[in-house]
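Visitor: Here is how the chains run, residue by residue.
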Amino acid sequence: MSEETIKKGLADKGVSRRDFLKLGGLLAAAMGMQLPPLEQSGLPAALGTPARGSQIEQNILHALETKQRLPVIWLEFQDCTGCTEAVSRSVSPSLENLVLNTLTIEYHETLSAAAGYQIEQAKQDAMKKYAGQYILVVEGSIPTDNDGAYCVIGGRTAIDHLKEAAAGAAAIIAVGNCAAYGGLPKAKPNPTGAKGVWELITDKAVVNISGCPAIPEATTGTIAHFAIFGTLPELDNLNRPKTFYGKTVHDRCLRRPFYEAGKFALSFDDEGAREGYCLYKLGCKGPTPYNACATIKWDQGLSFPIQSGHPCLGCSEPNFWDGGGFYQGQSTPLDKPTVAVVGAAVGVGAALGIGTALVNQSKKKAKKGGSK
Amino acid sequence: MNQQTVLEFARGPFFYFALLFMLFGLAYRLFSVISLGWSKNRVPNKGSQAKGVFMTFLKGVLIWPFIPWVKNTFTRNPLIYIGGGLFHLSLFVVIILGTPHMLVTKSLVGVQWATLPLPIVDFMAATGIIAMLILLVNRMIHPVMKLISGPAEYLAWLFVFLPMITGYMMTHHIGGSYESLFTRHMITVDVLMIWIPLSRLSHFVFYFFSRAIHGQEFGKRGVAV
Ligand code: SF4
Ligand code: SF4
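So the sequence lines, in the order shown, correspond to chains L and R.
Just so you know, we're using numbering that gives the first Met the number 0 here: the first sequence kicks off at 0 and counts up by one.
Just so you know, we're using numbering that gives the first Met the number 0 here: the second sequence kicks off at 0 and counts up by one.
It should be emphasised that the hints constitute simulated quantities derived from the structure, not laboratory data.
We put the CB at the ideal spot given by N, CA and C, even for glycine.
Be a bit skeptical, because a hint or two may be false.
A partial selection of chain R residues facing chain L, derived with a Cβ cut-off under 7 Å [said to hold, decoys possible]:
1. V5
2. G11
3. L19
4. F23
5. Y27
6. S38
7. V108
8. V143
9. M144
10. L146
11. S148
12. Y177
13. S179
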């Protein structure tokens, strides 16, 4: 199946030359190569802002015409399938749908029709056939406590599955905060010893498409980048593609002018909330997370949480579940002492202070008495 | 493992410890002075002590700062007076009227209040930083200031300056990722909170007590006959 070129596959599905050209432009945009404010955004200069028919778009079209479809093996461990949901939520001929046409998904627990031994066998066959060529996508964190007993598929632990599949992968992409940094399963007290992929696979680069769920265009854009250029996009220090994770949510937020002006919503149904004021005081974590929510948005650019009136949770950052209450300002301390503890500290301090004073006084008196 | 872990430490256990240490230390110092006792008031006074306290705060906080030229402290040393005044005003605006700082207090004690727009707070922060730099240079070149400044003075300057400059850099995203800037700010704040009771930075609490005591003394106005 993956021997046919992407273009032929599309033609077979009745995609016209015209739509094919459009796809080239769409992909360039998806990979962050045509987003209008790119120049000012501080993103890698190489990305530029190519116009239609530009070199970058030509390259993409050329690649689509000649490259073969890319086999993908998609593993799911401690996950909620949310990232798969996000990626698969495509309305034809949406961007996601087209990008998926450049791939062959050889194994995917949720999307595969087969199940049980058959699908496990098919996976083994695919890993053999495409050894060194396939993209490994991981969704969900990997439990490591008790020898990985908390997640066992087909009688083998998640760690086992991951290491086996990673060995023959051409590229590894961890989709969602769980696969990237441990996500919800890793939240305190992390009962299963959950870890992200890059903590376990250290001999290969792991691209982290973090988010809860990951923005589908970031996932498909990164896969498309690899399918077309055969390389991974430029990554930040947390291994996220800079194209999608180069700026904070706050940097691009549509409520930002209100933040600067000091106009904040103080509850979810006050005047400020209705006026679209900044949600910082309602606990918005926007200034910390690097993510593309504010630009790419969700549901084909319809909206994103902050636009819909909910503060950002910072879901693209490691350990965001433990980063303080979702409705508490992000500047607030993580641990606050109880009244009793404060009372004790002040009380002990005061008692010691009074003690010192008394000692000093009696010393002074003794001195006075002595000198008399 | 990463920046996030350090940040969690600085916002979590380290902050917790620093806050308790500051409260403990301030309580200790305050009570070790207060419990030394007052000298007894053996005669009836002409004036009211309460009025004395009221007047001293009124003058010190609301009157003198706005007509500084009538005071020797200003005319003899305008640089220190203006620099110091702006610096303290800047601290007040940034810490009390800056939104992120108000939210810290809100999370700790549960009260919230209106804050100022960012550009104003930001301007005041910059003013405070510049004032501090000028005061430092003055301290280093002024012959008398040089003489009376030791390590304690320079350390106090440093421990106050660091949170201010890291906070400013954080607001403007200068010098690293937001997490690393946030981490630096939190660590320097934690260190400052620990340093306060150990140094005369504690004057931000003691000032009000000593002023009250002075006011009470001034209020007596001799013996009533
Ligand atoms: S809503 Fe959040 S992300 Fe938007 S400006 Fe306010 S703090 Fe920043
Ligand atoms: S707005 Fe914040 S919490 Fe919501 S999806 Fe985006 S990064 Fe995650």
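Visitor: Would the stated hint for S148/R survive a check requiring a Cβ distance to chain L of less than 7 Å?
Guide: violated (28 Å)
Visitor: Should the hint that G11/R touches chain L count as held when the rule is a Cβ pair under 7 Å?
Guide: Holds, about 4 Å.
Visitor: Just to be careful: measuring from the Cβ of V108/R to every Cβ in chain L, is the smallest value less than 7 Å?
Guide: With Cβ-Cβ at 9 Å, over 7 Å, it is violated.
Visitor: Would you check whether S38/R satisfies its interface hint, that is, whether its CB is within less than 7 Å of any CB in chain L?
Guide: violated (13 Å)
Visitor: Less than 7 Å between beta-carbons is the criterion; does V5/R satisfy it with respect to chain L?
Guide: violated (12 Å)
Visitor: Is the shortest C-beta separation between L19/R and chain L less than 7 Å?
Guide: This hint holds: L19/R lies near chain L, its Cβ roughly 4 Å from the closest one there, short of 7 Å.
Visitor: Holds or violated: M144/R as interface residue toward chain L, Cβ cutoff 7 Å?
Guide: Nearest chain L Cβ about 32 Å off; hint violated.
Visitor: Does the closest beta carbon of chain L sit nearer than 7 Å to the beta carbon of F23/R?
Guide: OK, holds: F23/R within 7 Å of chain L, min 4 Å.
Visitor: Should the interface hint for S179/R be scored as holding, given a Cβ-Cβ cut-off of 7 Å against chain L?
Guide: violated (10 Å)
Visitor: Would you settle whether the hint for Y177/R is holds or violated, based on the nearest Cβ-Cβ distance to chain L being less than 7 Å?
Guide: Nearest chain L Cβ about 5 Å off; hint holds.
Visitor: Quick check on Y27/R please, does its C-beta sit within 7 Å of some C-beta on chain L?
Guide: holds (4 Å)
Visitor: Please check whether V143/R passes as an interface residue: C-beta within 7 Å of a C-beta belonging to chain L.
Guide: V143/R check fails; min Cβ-Cβ to chain L is 32 Å, beyond 7 Å.
Checked against the numbered hints above, the structure violates hints 1, 6, 7, 8, 9, 10, 11, 13; every other hint is satisfied.
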